[in-house]
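Trainee: Sequence:
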Amino acid sequence: MDIFNQLMQGFATAATPVNLLWCFVGCALGTAIGVLPGIGPAVAVAMLLPITSKVEATASMIFFAGIYYGAMYGGSTTSILLNTPGETASMVTAMEGNKMAKSGRAGAALATAAVGSFVAGTIATVLVTLFAPVVADLAVRLGPPEYFMLMLLAFTTVSAVLGKSTVRGMTALFLGLAAGLVGLDQISAQARYTGGVPELLDGIEIVLVAVGLFAVAEALYAVLYEGRIAEVQNKQSKVHMTRRDWTRSWPAWLRATAIGVPFG
104 MDIFNQLMQG FATAATPVNL LWCFVGCALG TAIGVLPGIG PAVAVAMLLP
154 ITSKVEATAS MIFFAGIYYG AMYGGSTTSI LLNTPGETAS MVTAMEGNKM
204 AKSGRAGAAL ATAAVGSFVA GTIATVLVTL FAPVVADLAV RLGPPEYFML
254 MLLAFTTVSA VLGKSTVRGM TALFLGLAAG LVGLDQISAQ ARYTGGVPEL
304 LDGIEIVLVA VGLFAVAEAL YAVLYEGRIA EVQNKQSKVH MTRRDWTRSW
354 PAWLRATAIG VPFG
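Going by my numbering, the sequence shown opens with residue 104, and the numbers climb by one from there.
Calculated directly from the structure, the hints in this document are not laboratory data.
Owing to the predicted nature of the structure, the values given are computational and were not obtained by experimental measurement.
A couple of the hints might just be wrong.
Quick list of simulated restraints, FRET-style, between CB atoms [what the hints assert, rightly or not]:
id: 1; residue 1: Gly272; residue 2: Arg295; range: 22 to 28 Å
id: 2; residue 1: Met164; residue 2: Gly298; range: 47 to 53 Å
id: 3; residue 1: Pro354; residue 2: Val300; range: 43 to 49 Å
id: 4; residue 1: Ala145; residue 2: Ala227; range: 14 to 20 Å
id: 5; residue 1: Lys157; residue 2: Thr116; range: 16 to 22 Å
id: 6; residue 1: Phe251; residue 2: Ala359; range: 24 to 30 Å
id: 7; residue 1: Gly298; residue 2: Lys157; range: 41 to 47 Å
id: 8; residue 1: Leu184; residue 2: Arg295; range: 36 to 42 Å
Note that the Cβ used here is the ideal one computed from N, Cα and C, for glycine as well.
Let the sequences and hints guide you as you build the complete structure.
Mentor: Shown next, in the form of structure tokens:
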């Protein structure tokens with residue numbers, strides 16, 4: 104009952120016109136930031152931290168939350184339209200959404216990403232609010248054995264979704280492991296595979312690597328084949344989902360939420 108009362112107080116505070124305005128501004132700004140590859144919500148929040156000195160604490164938290172959610176969704180826009188993910192979370196969106204855009208279904212892809220982001224975010228927020236004490240108590244009990252099992256599960260998952268080319272999938276896996284080993288060891292604080300370059304002591308930023316691989320590859324492809332491929336203008340669909348899209352998307356949204364919430 105205490106949780107319900109606190110939730111009602113929180114809704115009453117967030118529903119004030121001023122806080123709703125800060126939420127709208129944060130979401131709009133976050134969406135614009137998410138479209139830009141490589142910046143991300145963390146950098147945006149860090150740059151806008153001085154705002155907290157002039158704005159009420161509650162409004163600042165709502166503003167930063169809006170930036171985060173807006174940026175996480177905004178990355179899907181460039182992923183679908185340009186095959187260039189704005190965030191690492193949008194990499195899979197680039198793989199599937201860009202194919203839909205090339206076939207003339209960019210509107211349906213954008214609508215699916217928007218509604219899916221809202222559904223998953225709402226469910227995750229409700230679950231975290233209700234079960235945060237239990238989850239926090241469980242999280243502090245995780246030790247090296249549990250993290251090792253999580254990594255083993257990740258490798259097993261990679262081996263299960265390699266597709267037709269096992270060699271290509273395993274190569275990508277080992278390249279990712281090699282990139283992750285660069286930097287300071289978290290236990291011994293010894294430099295690993297830095298080659299004497301001080302800038303590599305902090306490791307290789309996975310966001311820059313992922314975004315760079317997609318963006319640079321797409322740019323090189325466009326330059327290499329410029330003028331050699333006949334341009335085809337597909338009839339673009341409106342930004343909405345058909346009844347068939349809704350039917351096919353609901354199971355995927357719920358399944359992805361069930362997988363993402365525990366790991367998040």
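Trainee: Take the hints in turn and mark each one as holding or not.
Mentor: Taking the hints in turn, this is what the structure says about them:
no., hint, result
1, Gly272 / Arg295: 22 to 28 Å, "25 Å, holds"
2, Met164 / Gly298: 47 to 53 Å, "42 Å, violated"
3, Pro354 / Val300: 43 to 49 Å, "47 Å, holds"
4, Ala145 / Ala227: 14 to 20 Å, "18 Å, holds"
5, Lys157 / Thr116: 16 to 22 Å, "19 Å, holds"
6, Phe251 / Ala359: 24 to 30 Å, "25 Å, holds"
7, Gly298 / Lys157: 41 to 47 Å, "45 Å, holds"
8, Leu184 / Arg295: 36 to 42 Å, "38 Å, holds"
In this structure, only the earlier hint numbered 2 is contradicted, and the remaining ones agree with it.
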